[in-house]
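Novice: In case you want the letters, here they are:
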Amino acid sequence: MNREELNSRLSEIKNKLIAIEQKTNSRIYLLCEAENSYDISKFLFEDVGCRFVIVTGIDADNCFELLYHFAYDQLGCVITVKAFIRDRESPAIESITPFLPAAEWIEREIHDVLGIDFKNHPNLRRLILADDWPAGVYPLRKDLS
Amino acid sequence: MHDTVRKPVLAVGPFHPLQEEMEFFQLTIDGEKVTDIDVRLSYNHRGIEKISESLQFDQVPYLVSRVCGICSASHPLAYVQAVEELASVKPPERALYVRTIINELERIHSHILWVGLAGHFIGYDTVFMWAWKYREPVLDLLEEITGNRNNYGNVKVGGCREDIPDDFAPKMLKELDKIEKKMEMLTKAVLDDPVLHARLKGIGVLSKENAIKYAVTGPTARGSGVAIDVRRDDPYAAYGDLDWNVITRPEGDVFAKAVVRLLEVFESIKMIKQALKKLPGGPITTEVKEIPPGEGCGHAEAPRGETFHYVRSDGGNRPVRHKIRAPSYVNVPSFKASCLGGHIADVTLTLAAVDPCYSCTERLAVVDQHNNITHNYETLLKLSREKTAQIKKAFGLSGLKMEDL
Amino acid sequence: MSWKIWSLKKSPWVFHVNTGACNNCDIEIVNLLTPKFDVERFGIKLVGSPRHADALLVTGVVTRQAAPRLQEVYRQTPKPCVVFCIGACGCHTGIFKGAYHVVGPVDKIIKEVDPNAIIAYIPGCPPKPEAMISGVVKALSVL
Chain A
1 MNREELNSRL
11 SEIKNKLIAI
21 EQKTNSRIYL
31 LCEAENSYDI
41 SKFLFEDVGC
51 RFVIVTGIDA
61 DNCFELLYHF
71 AYDQLGCVIT
81 VKAFIRDRES
91 PAIESITPFL
101 PAAEWIEREI
111 HDVLGIDFKN
121 HPNLRRLILA
131 DDWPAGVYPL
141 RKDLS
Chain B
1 MHDTVRKPVL
11 AVGPFHPLQE
21 EMEFFQLTID
31 GEKVTDIDVR
41 LSYNHRGIEK
51 ISESLQFDQV
61 PYLVSRVCGI
71 CSASHPLAYV
81 QAVEELASVK
91 PPERALYVRT
101 IINELERIHS
111 HILWVGLAGH
121 FIGYDTVFMW
131 AWKYREPVLD
141 LLEEITGNRN
151 NYGNVKVGGC
161 REDIPDDFAP
171 KMLKELDKIE
181 KKMEMLTKAV
191 LDDPVLHARL
201 KGIGVLSKEN
211 AIKYAVTGPT
221 ARGSGVAIDV
231 RRDDPYAAYG
241 DLDWNVITRP
251 EGDVFAKAVV
261 RLLEVFESIK
271 MIKQALKKLP
281 GGPITTEVKE
291 IPPGEGCGHA
301 EAPRGETFHY
311 VRSDGGNRPV
321 RHKIRAPSYV
331 NVPSFKASCL
341 GGHIADVTLT
351 LAAVDPCYSC
361 TERLAVVDQH
371 NNITHNYETL
381 LKLSREKTAQ
391 IKKAFGLSGL
401 KMEDL
Chain C
1 MSWKIWSLKK
11 SPWVFHVNTG
21 ACNNCDIEIV
31 NLLTPKFDVE
41 RFGIKLVGSP
51 RHADALLVTG
61 VVTRQAAPRL
71 QEVYRQTPKP
81 CVVFCIGACG
91 CHTGIFKGAY
101 HVVGPVDKII
111 KEVDPNAIIA
121 YIPGCPPKPE
131 AMISGVVKAL
141 SVL
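Residue numbers (my numbering), protein chains in the order written: chain A, 1 to 145; chain B, 1 to 405; chain C, 1 to 143.
In short, the hints are calculated from the structure, not lab data.
Hints may contain errors.
Stated by the list, open to error - Sample of chain C residues at the chain B side, in silico, Cβ under 10 Å:
{"hint": "1", "residue": "N23"}
{"hint": "2", "residue": "N24"}
{"hint": "3", "residue": "G48"}
{"hint": "4", "residue": "S49"}
{"hint": "5", "residue": "A66"}
{"hint": "6", "residue": "C89"}
{"hint": "7", "residue": "A120"}
{"hint": "8", "residue": "P129"}
Note that this is a predicted model, so its numbers are computed, not measured.
Where is the CB? At the ideal position from N, CA and C, for every residue including glycine.
Same shape as in the complex, but just chain A (with noise of 0.2 Å):
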């Protein structure tokens, strides 16, 4: 695929983003909503073919922010699915695991340091922090110092 078709394909998503933001010739971000994450990911997975590499999780004050990072090699281009959990009391996102395996241990630490709730997780528990963390405290959060 080249430049014209990806940019192509990625309009197909259009109805479920706020907007695409190309910052630099290879590197693409795709706001949206958080409801609209799964769908996103799962066309950039499975019908683009982009490669996916991590998901950045992130407390920016009035929201938390998780980048889906994937990777359209054949172009060396970086496509960051920017998803805005607009709920800061019981943030949730669907999982991408399901379809994604790779996903798995990612959400579970996003899970851990942020306390953000990947629904339909098939194994949402305690990855990195210690047995004895106590519950409900999260590290990345910015009330944390």
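Keeping the supplied structure of chain A fixed, place chains B and C upon it in accordance with the hints.
Specialist: Structure of chains B and C alone, referenced to chain A:
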């Protein structure tokens, strides 16, 4: 819940001579076959991403160099590339070449280390001693350039800290020639050894389909036919200027991954030689006054696979968020796919083929349903070596050392 | 000098413990066995169980999860034994000081179970193999 499984559990966890918990990997076995795997990390979690938020941008490379000691050039490189992207900073040409040379030297000693460890697991201790001996000249070269055998501290936002003196190039080329000859011997010995073929082929197979589902990178992916390499796909440093090949093998077994690593060493030597010849003059750093608000992604091909860093800035002098993706973190779960159905004698080797950090592979134990250790790491190692010995016997080669071949 | 100390000094058997490290120190420890450094000619041997060890080579910052395990390994090691804190992390948690999951350094965790523990420090990031050999020999000579 996995905890209620009644079958014996193979625990791949921090070395503990007694019973109770097993951290890291818990494998369920049926007889002598692996049927399931569960993982419990935490042992090594140091909270690095949070520390990053309290450091200034220029201090972070020293921190991330120590995420994993054997990828200690790749992590800071991916990080500074992320910051350079966000700040639109272009390092000078010479810096890009120095970065390339340091990173390829790291790849060479990392792959040779791996070959030694794999030899150790199957009972070829001559290979282990030999490989780790021939790693040393590479570490010496790195020490002469950067001042340290590991944790080089050589990259910064905007360029490099230490230069490679032009009069150092002849010495480097001479050492690389020596290493290349030794590696030719070793590679030929591995490719010609019927015992190694029998011991490593068909073991720990990761199919191409699973390699994609588990999003693995590096030799773990390329040894399963997935032809990805950040150096070619999204060229950084000076890789776009050099002539080299991406090495892949389709079989997906331990042998394929060993071959990929061995052949990559030759590509690395080739790249360093070219880079030394083409090394441009000029400064190795450009001044960076401030980091504006924004975000950037940087990735590098570490010896184990893709290292990916995401950095967000709010215009201050510290990162607001710094995400670190170590290659092993994403490669290791694929152990689930490559280990299931395999024999426990092959567990150490299959895990090693994924090339996690050395300490991870040390943490092995078999535990029964009452959480009593039935086999510890020592025993699993013994099982692995016994299997090799049996194969040698079948070939009528018992007692033969590798250097005799 | 007791025969135990004498035998320890003659040929120390060491057990390696990683309490949360980047692996550089661990690799340099394994390097000690390899031809360039070859510590076995000094009688220093890496053993597979703390029950057989005279000394512990401890790397890492001691993460929260690792702390109880480190203490358990120390208890299992017959006394007298020397605890070598290897590297900047082992000595004082190095660059990870103050991190939320770090409860070390090593000496603090060991002293919780034995305030009179014999502890030696080999700094470096990582300490060169020569430095580790020198540190082990030096520590044993003052015992």
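Novice: Determine for every hint whether it applies to the structure shown.
Specialist: Hint by hint, here is what the structure shows:
1. N23: Holds, because the Cβ-Cβ distance from C:N23 to chain B comes to roughly 4 Å (cut-off 10 Å).
2. N24: holds (3 Å)
3. G48: Holds, because the Cβ-Cβ distance from C:G48 to chain B comes to roughly 5 Å (cut-off 10 Å).
4. S49: The hint holds - C:S49 has a Cβ within 10 Å of chain B, the shortest such distance being about 5 Å.
5. A66: holds (5 Å)
6. C89: holds (8 Å)
7. A120: violated (21 Å)
8. P129: Holds. Min distance 9 Å.
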